[in-house]
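Trainee: So you can see what is in the structure, the chains are spelled out below.
Number of protein chains: 2
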Amino acid sequence: MKTLLSLILILLCPPLLAVEEWRTPDNENLVYMQLATGTVVIELAPFMAPSHVTQFKALVKEGFYDGLDFYRVIDGFVAQGGDVSEQKTSQHNKLLKAEFSRPTPKTSTFTTVQKPDFMAAETGFLHGFAAGRDEQNQQEWLLHCPGTLAMARSNEADSASSDFYIVIGQATRHLDRNMSSFGRVIYGMPAIQALQRAEINNVSGVIEEPSKRSKIQWFKLANDVPANKQLNIQVQNEKSEAVSQRLASGRTLDSEFFHFKGNGNLDVCYYQLKSRLNN
Amino acid sequence: MKTLLSLILILLCPPLLAVEEWRTPDNENLVYMQLATGTVVIELAPFMAPSHVTQFKALVKEGFYDGLDFYRVIDGFVAQGGDVSEQKTSQHNKLLKAEFSRPTPKTSTFTTVQKPDFMAAETGFLHGFAAGRDEQNQQEWLLHCPGTLAMARSNEADSASSDFYIVIGQATRHLDRNMSSFGRVIYGMPAIQALQRAEINNVSGVIEEPSKRSKIQWFKLANDVPANKQLNIQVQNEKSEAVSQRLASGRTLDSEFFHFKGNGNLDVCYYQLKSRLNN
Numbered sequence: 203m204k205t206l207l208s209l210i211l212i213l214l215c216p217p218l219l220a221v222e223e224w225r226t227p228d229n230e231n232l233v234y235m236q237l238a239t240g241t242v243v244i245e246l247a248p249f250m251a252p253s254h255v256t257q258f259k260a261l262v263k264e265g266f267y268d269g270l271d272f273y274r275v276i277d278g279f280v281a282q283g284g285d286v287s288e289q290k291t292s293q294h295n296k297l298l299k300a301e302f303s304r305p306t307p308k309t310s311t312f313t314t315v316q317k318p319d320f321m322a323a324e325t326g327f328l329h330g331f332a333a334g335r336d337e338q339n340q341q342e343w344l345l346h347c348p349g350t351l352a353m354a355r356s357n358e359a360d361s362a363s364s365d366f367y368i369v370i371g372q373a374t375r376h377l378d379r380n381m382s383s384f385g386r387v388i389y390g391m392p393a394i395q396a397l398q399r400a401e402i403n404n405v406s407g408v409i410e411e412p413s414k415r416s417k418i419q420w421f422k423l424a425n426d427v428p429a430n431k432q433l434n435i436q437v438q439n440e441k442s443e444a445v446s447q448r449l450a451s452g453r454t455l456d457s458e459f460f461h462f463k464g465n466g467n468l469d470v471c472y473y474q475l476k477s478r479l480n481n
Numbered sequence: 203m204k205t206l207l208s209l210i211l212i213l214l215c216p217p218l219l220a221v222e223e224w225r226t227p228d229n230e231n232l233v234y235m236q237l238a239t240g241t242v243v244i245e246l247a248p249f250m251a252p253s254h255v256t257q258f259k260a261l262v263k264e265g266f267y268d269g270l271d272f273y274r275v276i277d278g279f280v281a282q283g284g285d286v287s288e289q290k291t292s293q294h295n296k297l298l299k300a301e302f303s304r305p306t307p308k309t310s311t312f313t314t315v316q317k318p319d320f321m322a323a324e325t326g327f328l329h330g331f332a333a334g335r336d337e338q339n340q341q342e343w344l345l346h347c348p349g350t351l352a353m354a355r356s357n358e359a360d361s362a363s364s365d366f367y368i369v370i371g372q373a374t375r376h377l378d379r380n381m382s383s384f385g386r387v388i389y390g391m392p393a394i395q396a397l398q399r400a401e402i403n404n405v406s407g408v409i410e411e412p413s414k415r416s417k418i419q420w421f422k423l424a425n426d427v428p429a430n431k432q433l434n435i436q437v438q439n440e441k442s443e444a445v446s447q448r449l450a451s452g453r454t455l456d457s458e459f460f461h462f463k464g465n466g467n468l469d470v471c472y473y474q475l476k477s478r479l480n481n
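Quick mapping for you: the protein sequence lines, in order, are chains A and B. Residue 436 in the numbering used here is what sits at position 234 of the first sequence, and the numbering runs on without skipping anything. Residue 481 in the numbering used here is what sits at position 279 of the second sequence, and the numbering runs on without skipping anything.
Isolated chain A, as found in the complex (with noise of 0.2 Å):
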């Protein structure tokens, strides 16, 4: 009986327990950007930052960013973009309320990678986006990694609008829980990394000359762009075998490559979910 049951579990569970390696995001959660160095895809996370991606799209639907430019670009840090002239104008345009963190839902579905993190009391994925969590204040977060969309704002919390900036160095993690991350790059980094720095003397980063800035070519809901032109991304699901076993081998280091086997931890920014092409 005993072993009738175990068989049984053998044949129903992995089936039932596999998560597939690759999801492909929701058409409605992307939106396409088009440099001249390349064409870059962006996920969106209304779960975590509702009012800026819902301000973000009716921007990007109106045509906001198309023929402005990157003008504040420092290597190693952030690129941001939108209007520095301050002389666009949109009646989508409007000051947003701080989107920093969320209330840990009864039911999160964060997926632990460290905990505790060297930054926060724990860090790992939710919804595909590198995040922190904090069960003591109940509080949930998207992580300053390389390639996350935030809204830029001045010293007042609720003063973003419509400038954007994409993570471009080592992962800015001070930012946690200080801008409303939104959105991270799923496709096109090296498109973003080839954009136009401000001179290295340059400390505030800001371009004076618009001629030395990368512009923005267009910005387009992903729904927005002919099929032909959509590009069939699939990112890597935290919840599958294959990431679980990628960040297992990160901890152990198992490979003869590695003579130095480390201590275990994990910087879940270094491990960011990859992306491919489905053709």
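Hints were generated in silico from the structure; no laboratory data involved. Virtual Cβ for every residue (Gly too), placed ideally from N, Cα, C. Hints are all accurate, no fakes.
Sample of chain B residues lacking proximity to chain A, with all beta carbon distances greater than 12 Å (derived):
1. Pro227
2. Glu264
3. Gly265
4. Val286
5. Ser287
6. Pro305
7. Pro307
8. Thr313
9. Glu337
10. Asp365
11. Lys417
12. Asn425
13. Asn439
14. Ser442
15. Gln447
Residues from chain A shown here face chain B by an in silico Cβ test under 10 Å; the list is partial:
16. Thr239
17. Ala322
18. Ser356
19. Asn357
20. Arg375
21. His376
22. Leu377
23. Asn380
24. Gln395
25. Arg399
26. Ile402
27. Glu458
28. Gln474
29. Leu479
30. Asn480
Please arrange chain B on chain A, whose structure you already have, making use of the hints.
Mentor: Leaving out everything else, chain B in the frame of chain A:
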């Protein structure tokens, strides 16, 4: 009398203790690399990896790398260059003994930034480089931060010779104490970030089609670069007050811009020493 003593101390001590914010690296330790995307300057670390530096300089001097290319470039990871064909001969292209770390000298000048660090007993700076230290095992080593230069190898520790890589993404800290790091880019990271990457689905990152690889036009020892083409690059001195203040401010996030003040931990790879052109 006490007042007089204080006055004397005030008058004498600041100039005696002051360390200039900027130092000019020794030309002996600099190499220039010319890419289609710009000029790159690397500071070498003979104090950590003397054999690697000696061999690399000999290879540079004889023009070994000129016309070779970056044949393995993975966005967010490393750009690896050298002779993928293994056809190029040189009397200097010899197998090197690993120089992953060195015994901490009795009079180490290590400047602590973070202790304990997430991935090491201690991290900080050593002669201008982000470094780790383990006082128990009396070892210190260079970290894999963005811009770090190290020699590639196969599984065996002593198998590096001439192919090298530069870290272009989130710090690859699992390579610390596993690879011989022997320098870092102090000028021209944007030129490196603009290198042609492997396609997104190319897991190995090796760019098979030579015409799609970015070329190394040439490498030169700084002393072989014509004087009027040399750049007057300076790097922050980790013992200076300016660097101390930047680190202190990173620990407390005391500007009113920051609403969440963090936990005081610092990622030394984010706080790498800055460069400038002294024109």
